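Visitor: Residue numbers (my numbering), protein chains in the order written: chain W, 1 to 298; chain Z, 1 to 251; chain X, 1 to 251; chain Y, 1 to 259; chain U, 1 to 259.
Source of the hints: derived by calculation from the structure; they are not laboratory data.
These figures come from a predicted structure and were not determined experimentally.
No residue lacks a Cβ here, since even glycine has one placed at the ideal position from N, Cα and C.
Any given hint could turn out to be false.
To be verified - To spell it out: a stretch of chain W is covered by chain U in this simulated footprint if at least three of its residues, at any positions, have a beta carbon under 8 Å from a beta carbon of chain U; those stretches are:
(1) 60 to 69
(2) 160 to 169
(3) 179 to 187
(4) 260 to 271
Said to hold, decoys possible - Here are the simulated DSS-like pairs of lysine-lysine, each with C-alpha atoms no more than 25 Å apart in a straight line:
(5) Z:K115 with Z:K94
(6) U:K238 with Y:K92
(7) X:K94 with U:K242
(8) X:K93 with X:K177
(9) U:K92 with Z:K18
(10) Y:K92 with U:K5
(11) Y:K238 with W:K32
(12) U:K242 with U:K5
(13) W:K175 with Y:K153
(14) X:K18 with Y:K242
(15) U:K242 with X:K18
(16) U:K92 with Y:K92
(17) Y:K58 with Y:K238
(18) Y:K238 with Z:K93
(19) Y:K238 with U:K92
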Amino acid sequence: NGRKDKNTDLTQLNISYVKSPFNLQIMVMKEKQLLEQEFANDGIEIIWHEINSGAKQAEAMAAGSLDIASVMNSASVIIANSAGNELDVIDIVSRPEQTFAVMVMEDGPKTVKDLAGKIVAGPKGTVLHQMLAAIEEKEDLEGVQLVSMSLPQAQTALIAGKVDAALLAASLIIKTQAAGGRILTSSEGYVVPLLLSVSPQSFVENHSDIIDRYTAVQQKAYEYIQNNQADAIAIGAEAQGLSNIDAENLFDRSGIAREFTKEDLSGLEGDVDFLKNLDMIENAVEASCMIGKTLNVK
Amino acid sequence: MVENAPEVIIQDLNRIYKGSDEAVHAVKDISLTLTPGSFTALVGFSGCGKTTLLRMLAGLEEPSSGSISLFPENSYPAVIFQTPRLLPWMTIKKNMNIALRHRVIPRQNKREIKKRVHAALEMVGLNDRADAYPHELSGGMAQRVGLARALCQESGFMLMDEPFSSLDALTRENLQKELKSIWEKKKSTTLFITHDIAEALVLASRILIMKEGSIIADLDRNDWILRNKPEAAIMSLMNNPLIPRMVYATS
Amino acid sequence: MVENAPEVIIQDLNRIYKGSDEAVHAVKDISLTLTPGSFTALVGFSGCGKTTLLRMLAGLEEPSSGSISLFPENSYPAVIFQTPRLLPWMTIKKNMNIALRHRVIPRQNKREIKKRVHAALEMVGLNDRADAYPHELSGGMAQRVGLARALCQESGFMLMDEPFSSLDALTRENLQKELKSIWEKKKSTTLFITHDIAEALVLASRILIMKEGSIIADLDRNDWILRNKPEAAIMSLMNNPLIPRMVYATS
Amino acid sequence: MKKLKWTAALETLAVPFLLLALWALASERQWVHPYLLPSPLRVAKAALRLAESGALFKHLGVSFQRVIIGFFITLGIAVPLSFLIHSLPFLKRLLRVPLEFLRSVPPISTIPLLILWFGIGEASKTAIIVMASFFPVFLNLMGGLNNIEEDWKELARSLQLDQGEYIRFVLFPAAFPSFLTGIQLGLSYCWRALMGAEMIAAASGLGYLILDSQDMGRIDRVFVGIFTLGICGILLDKILIKAFNCLIPWKDLEEEQNW
Amino acid sequence: MKKLKWTAALETLAVPFLLLALWALASERQWVHPYLLPSPLRVAKAALRLAESGALFKHLGVSFQRVIIGFFITLGIAVPLSFLIHSLPFLKRLLRVPLEFLRSVPPISTIPLLILWFGIGEASKTAIIVMASFFPVFLNLMGGLNNIEEDWKELARSLQLDQGEYIRFVLFPAAFPSFLTGIQLGLSYCWRALMGAEMIAAASGLGYLILDSQDMGRIDRVFVGIFTLGICGILLDKILIKAFNCLIPWKDLEEEQNW
Ligand SMILES: Nc1ncnc2c1ncn2[C@@H]1O[C@H](COP(=O)(O)OP(=O)(O)OP(=O)(O)O)[C@@H](O)[C@H]1O
Ligand SMILES: Nc1ncnc2c1ncn2[C@@H]1O[C@H](COP(=O)(O)OP(=O)(O)OP(=O)(O)O)[C@@H](O)[C@H]1O
Ligand SMILES: [Mg+2]
Ligand SMILES: [Mg+2]
């Protein structure tokens with residue numbers, strides 16, 4: 001009953017709408033209005049906010065402007081939590097091992113080993129950075145120099161021949177391929193990136209039923225995708241303004257996931273260590289503390 | 001209509017400019033009373049401090065020491081500056097209008113304002129140029145607009161700094177007559193700076209001669225010294241470096 | 001030194017201003033020759049077109065029609081404007097200096113420039129204010145600086161627009177004398193606008209009377225009409241509305 | 001007269017056409033990678049596609065509204081504030097340091113605070129635009145007000161103009177040229193600020209179009225966005241000047257325009 | 001006199017202190033999420049940490065250099081260009097459209113082109129700064145030049161000043177108040193542009209510090225960056241005015257300063 005009271009205060013639900021890299025569940029949920037239908041009877045209005053950046057979603061949640069971040073990468077979640085912005089993982093969206101890649105131009109380094117001593121462009125402190133660090137470690141490379149820039153700039157710098165390699169994701173991979181680029185390696189075998197749904201801890205505590213219903217809807221979207229793959233991909237293509245072929249390509253790389261597993265949890269722990277080792281977070285956080293109380297780790 | 005004309009009492013007035021090169025003692029220890037409704041001319045060499053004195057009376061310059069008192073206190077002078085000072089972004093008519101907004105009561109009385117502006121421009125012979133902008137006027141025309149603006153304020157206190165300097169002899173003579181007749185009707189307390197001694201003699205009942213910041217002579221028009229060849233007399237007074245402070249008016 | 005003084009030939013000169021209210025025909029069909037080394041005074045009512053004519057001679061205003069020719073062609077006038085036009089961001093000395101940079105050859109001759117500036121300021125009695133800024137001067141002082149600036153250029157062609165209008169009688173008389181003696185030495189072709197007919201008679205050998213844009217009389221100082229009461233004669237000429245174009249000089 | 005107009009138009013458009021030709025040549029000859037410098041034709045096609053689908057107009061409309069609102073808020077703060085500061089010296093001493101401080105702070109650096117105060121809706125976007133365009137308007141107007149000639153102040157005093165009349169008849173007309181520079185600069189900085197503003201949770205707008213196209217690797221659309229911004233900037237500037245021209249009869253601003 | 005100075009300082013610092021107190025109170029009472037508004041103490045600690053490690057000075061040094069270089073390039077282009085356009089009207093007609101266009105284009109939207117032309121080194125960062133600060137300087141100077149009184153032009157003509165003397169003695173002094181507004185605005189926009197500039201492959205600089213800290217959720221460091229920018233902006237402005245004061249003896253700029 002107490003819960004019900006809290007529900008009645010809630011007249012709107014602010015959710016971020018993150019399309020890229022290729023978060024098909026979210027796109028299906030929004031385009032098919034699954035959440036709107038779910039909450040229609042409670043008089044809860046769903047408000048979508050298009051925010052791609054993890055950092056900005058974290059800020060918006062701290063400000064109370066955002067209740068659920070539909071997709072955040074694990075690094076952003078850890079960084080926010082470490083800085084005292086308590087956010088809980090409420091669901092998994094995908095493990096996009098194929099979505100992130102090191103790319104070079106045709107005449108660039110031939111193998112991963114050739115990256116030694118090269119200049120690589122990409123965003124610092126993200127899963128891409130983590131991927132590069134993992135490659136360096138695993139392949140025992142020396143002198144790889146990361147120049148920090150955003151993805152579009154990294155792509156431009158690569159194509160303009162100003163850097164030897166670039167860390168890219170999703171659409172930009174396809175576009176770079178079209179522009180004569182080549183995938184040197186994806187993150188597969190080096191790191192498992194995690195894309196997660198997140199909500200402020202206070203919100204999870206006060207509105208666990210809402211969270212449950214949200215994850216259930218996301219589950220429904222997942223099932224819809226499995227059962228009507230072509231339709232779903234068409235929705236994604238429409239939402240992102242891509243051709244169906246590109247969309248399918250992206251979908252195949254997106255590694256969409258159904259449930260948060262024990263491996264994911266240890267992956268999250270690994271991410272914490274990575275960020276800590278690079279001095280990008282000050283306070284280590286327990287991975288388990290970031291798991292929302294509603295989340296069922298399988 | 002002397003009720004509107006204030007009495008002006010100046011006591012030990014001094015003005016020292018701290019210039020970029022040296023300090024200039026522009027007005028030195030001037031004490032003076034302008035009786036209500038009097039017309040006083042102020043003459044003196046270029047740079048002797050006439051404008052400075054007038055500006056202090058107009059409240060535009062702070063005295064370095066000394067005081068200026070007006071009775072009644074709320075008297076406000078109509079000022080003619082040494083340069084015409086017409087706002088370049090307004091037509092002549094508009095320039096005149098804004099001078100009247102506070103003078104014509106009730107303020108809403110647009111017709112009265114219009115009438116006065118018309119009459120004043122008529123007097124200076126510029127009615128046909130009412131819609132021109134200041135930069136389209138000749139030097140003398142601009143000066144006449146400045147005069148018209150001051151006269152149409154119908155103030156009981158007039159401060160005029162060489163209002164006729166850029167006018168030809170005939171226009172000047174006509175305007176002197178106009179000014180005289182207006183003053184005769186209105187009897188405003190008037191201080192009139194001029195370089196033309198004949199003009200001072202025609203218009204003023206009292207003539208002050210200023211030199212190096214001081215009033216060196218204070219003459220009444222009926223003074224014996226002005227009986228014959230008054231111009232020569234005034235010139236010689238102005239020229240005499242020895243006179244400490246001669247007040248002929250009292251003699 | 002007449003070699004530097006140009007001959008000025010004005011033919012069918014017209015100037016029409018398209019003002020914001022109405023068109024003004026400021027100069028009407030003027031044809032005129034100023035002989036080399038002559039001193040000509042130009043008198044007329046306020047707004048009759050004197051300044052416009054002078055500005056066209058100075059090359060500051062385009063004629064609407066007609067032509068102005070100078071012999072020799074490269075003559076450049078020293079101009080005294082109706083307002084002093086001193087650059088407010090420079091001291092008096094600097095204002096004078098920049099007028100001389102092109103006149104003193106070789107240009108590097110700083111000493112010569114200094115000497116001339118000193119002499120010119122001396123003449124107008126403002127040497128002690130050489131380091132003051134224009135806004136620190138009285139109206140008459142600023143006008144005298146304008147005069148000094150034009151005179152120190154030592155040009156063979158002088159255009160002066162009421163250079164003494166804000167000066168007291170004595171200063172004016174002194175400067176008239178100075179100007180006369182300079183002109184006598186240098187014999188520049190000079191056009192001198194004034195409102196003071198006595199001044200025109202003292203200085204000029206030829207007097208032009210302008211009315212409503214036209215030259216209505218062209219008098220030589222020795223003309224019979226100026227034999228007695230010349231001022232009254234000129235005034236009556238100026239006033240007569242019927243005279244079409246009287247050229248007395250030739251009579 | 002007609003001929004004159006022709007040559008004027010020719011001169012005006014010469015450089016743009018030259019640049020266009022150069023661009024066409026550069027992409028034709030593949031001097032640079034065609035991905036980074038798409039051909040004019042491709043950009044035109046992208047523009048057409050965006051226009052046909054109506055997306056371009058939606059983006060434009062949204063951004064236009066933001067620019068207008070932001071600009072008028074800027075005017076609404078900067079104009080009264082500068083007149084107030086001009087007439088009340090203690091306000092100047094009070095506000096000097098905070099305003100000087102804000103002057104060098106990049107609006108986008110304050111996004112966390114803006115989100116905190118204004119949320120992620122329109123308000124914080126508008127705040128970015130206001131911050132970006134405030135100082136050109138404010139400083140220019142202050143400059144204009146402070147450089148007014150002493151003569152006019154004295155005249156106003158001697159004519160006993162009250163504060164309102166003084167502002168209307170003397171202060172504002174005298175400061176007007178500077179004010180004009182200020183609003184022209186301010187308006188451009190409104191357009192420019194769109195990118196920063198639409199970084200915050202936007203789903204449409206020209207800034208969003210550019211950002212999103214960059215993310216999606218659609219450089220042709222980035223160009224469409226840039227051109228739309230540039231052209232709209234020119235047009236809005238013209239309209240604004242015309243509007244001010246109607247309000248202020250004593251000057252022909254189109255001629256007066258600083259350039 | 002001493003007392004006067006005291007009250008002046010008090011007035012100047014009143015608002016900053018008030019804001020500081022409010023901030024302290026807000027974070028003490030936890031009116032807002034401490035993640036978005038860290039306490040003054042935490043910000044001070046972060047600043048101290050950054051200062052101790054020398055990182056802050058490194059960032060500051062790098063950014064300062066970029067600002068200075070960018071600003072002088074802006075001056076170097078805008079000043080001669082505006083004088084040229086002022087004296088050669090055909091140049092105005094030629095360059096009008098391209099410059100009007102650029103006026104509303106956000107510098108950061110051109111990053112792809114800048115990377116293409118200038119690479120990822122200092123040049124493209126400088127280009128961003130120049131683009132951001134060019135128009136305030138240019139438009140203000142144009143405004144100043146075009147609003148010069150006809151009287152002075154005539155005087156210059158009648159004194160036969162040559163072009164150089166005309167510029168030196170007449171044009172520049174007359175346009176100076178506007179120019180001053182322009183450079184003050186330009187300088188602030190240089191500081192502001194650091195964020196955009198240091199988006200391009202930077203590893204240090206205050207803009208980078210802010211961006212990186214935003215990404216890393218270190219809002220306390222964002223504040224350190226903002227404060228450093230704001231304070232350095234004030235200081236550099238003061239120094240610049242002093243320097244100009246030495247160059248230009250005819251005015252006391254510190255008093256003349258628009259505010
Ligand atoms: N820029 C202008 N635009 C329009 N009309 C003008 C302009 N300059 C002068 N005029 C008009 O031309 C006529 C002649 O003016 P001008 O200045 O030549 O007179 P002036 O003889 O010098 O008079 P004053 O003795 O008063 O100086 C006047 O009617 C004046 O209004
Ligand atoms: N703002 C100022 N700063 C410094 N000195 C000034 C200032 N105004 C006037 N002076 C000086 O004060 C003295 C008197 O000037 P004032 O203008 O009163 O003379 P004036 O009698 O009106 O002369 P004129 O007949 O030439 O107009 C002059 O020496 C002048 O240089
Ligand atoms: Mg005076
Ligand atoms: Mg004249």
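Visitor: All the hints need checking, so say for each whether the structure fits it.
Guide: Hints, one by one, checked against the model:
no. : hint               : result
1   : 60 to 69           : holds (count 3)
2   : 160 to 169         : holds (count 3)
3   : 179 to 187         : violated (count 0)
4   : 260 to 271         : violated (count 0)
5   : Z:K115 with Z:K94  : holds, 13 Å
6   : U:K238 with Y:K92  : holds, 16 Å
7   : X:K94 with U:K242  : holds, 24 Å
8   : X:K93 with X:K177  : holds, 24 Å
9   : U:K92 with Z:K18   : violated, 45 Å
10  : Y:K92 with U:K5    : holds, 15 Å
11  : Y:K238 with W:K32  : violated, 44 Å
12  : U:K242 with U:K5   : holds, 20 Å
13  : W:K175 with Y:K153 : violated, 65 Å
14  : X:K18 with Y:K242  : holds, 24 Å
15  : U:K242 with X:K18  : violated, 47 Å
16  : U:K92 with Y:K92   : violated, 38 Å
17  : Y:K58 with Y:K238  : holds, 22 Å
18  : Y:K238 with Z:K93  : violated, 31 Å
19  : Y:K238 with U:K92  : holds, 16 Å
Checked against the numbered hints given earlier, the structure breaks hints 3, 4, 9, 11, 13, 15, 16, 18 and satisfies all the rest.
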